[in-house]
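A.B. asks: Sequence:
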Amino acid sequence: MISIGITGGIGSGKTMVSHILKAMGYPIYNADLEARTIIDTNPEVIEQIKLLFGNDIYVGGKLDRAKVSNLVFNDNSLLQNLNSIVHPAVAQHFNAWKAGNASAKLTFKEAAIIFESGAYKQVDGVVAVVAPQELRIARVCQRDGVSPEQVMQRMANQLSDEELVAKSDFVLINDGIRLLLPQVTELISKFLKDNN
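Numbering (my numbering), first residue to last: 83 to 278.
Rather than coming from a laboratory, the hints here were simulated on the basis of the structure. Each hint should be verified, as a subset may be incorrect.
Claimed, not checked - Taking CB as the label site, the calculated pair distances span:
(1) D114 to C223: 18 to 24 Å
(2) D114 to A186: 19 to 25 Å
(3) R118 to A186: 22 to 28 Å
Said to hold, decoys possible - Simulated pairs of lysine to aspartate or glutamate, DMTMM-like, Cα-Cα distance not exceeding 25 Å:
(4) K275 to E231
(5) K187 to E268
(6) K132 to E198
(7) K149 to D206
(8) K149 to E116
(9) K104 to D114
(10) K272 to E244
(11) K180 to D114
(12) K144 to D114
(13) K180 to E244
(14) K144 to E116
(15) K249 to D226
(16) K144 to D157
(17) K104 to E116
(18) K149 to D122
(19) K132 to E116
(20) K249 to E198
(21) K249 to E216
(22) K149 to E126
(23) K180 to D257
(24) K180 to D157
(25) K132 to D122
(26) K104 to E231
Glycine residues also receive a C-beta, built at the ideal position from the N, C-alpha and C atoms.
Put together the whole structure using the sequences plus the hints.
C.D. replies: Below is the structure:
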C-alpha cells in the first residue's frame with residue numbers, strides 16, 4: 083500500500099482534493115479532524131492537556147479551543163508542549179487506521195502541518211495543494227466568516243506555498259482556472275506507476 087500526504091495552506095483546497103479522492107474510492111485520513119476527536123476522547127491525551135493547561139481547559143467534556151488558542155498564540159513553548167502531546171497520539175491513530183486499510187492500493191492523509199508535525203515521515207510522498215493568496219483569502223473569508231486580516235494572521239503561522247512546493251513530491255494548482263480532476267488523476271497515475 084502506498085500512503086500519500088496532502089497538505090496546503092489555509093484556503094488552498096486540500097479538503098476539496100480529499101473529497102475528489104474519496105469520491106474516487108480512496109481512503110482518506112483527515113489529521114485535523116482526527117486530532118480534534120482525539121483531544122476530546124482519548125483519556126491519556128485529555129489528562130496530559132489538563133496537566134499542561136489546568137482542569138478548567140475542558141468545558142462539558144470538550145476542549146475550550148478558543149481559550150487554548152489565546153494561550154498558545156504568543157507562547158511558542160506552550161504550543162510546542164501541546165503539539166508534543168497531540169502529534170504522537172495522531173501518529174499512532176493514523177498507523178492503526180492505515181493497518182485497517184491495508185488492502186487499499188493508495189491511501190491519503192490530509193494534514194495542514196504535515197511537515198511541521200513530522201507526519202510526512204509516515205507517508206510515501208507528499209502532495210502540496212497551492213493557490214494564489216488573494217483567492218485563498220477570499221475562500222476562507224467566505225467559508226469561515228472572518229476578516230482578510232484574520233486569514234493573513236493564520237497564513238503567517240503556516241509554511242509558504244514556496245516552502246511547501248520545495249518540500250513536496252507533487253503539486254496541485256487550485257487557482258480556479260486549471261481543473262483539479264485531471265491533476266488528481268495524473269497524481270494517482272504517477273504514484274501508482276512509480277511504486278509498481
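A.B. asks: Going back to the hint list, which numbers does this structure go against?
C.D. replies: 4, 7, 13, 15, 23, 24, 26
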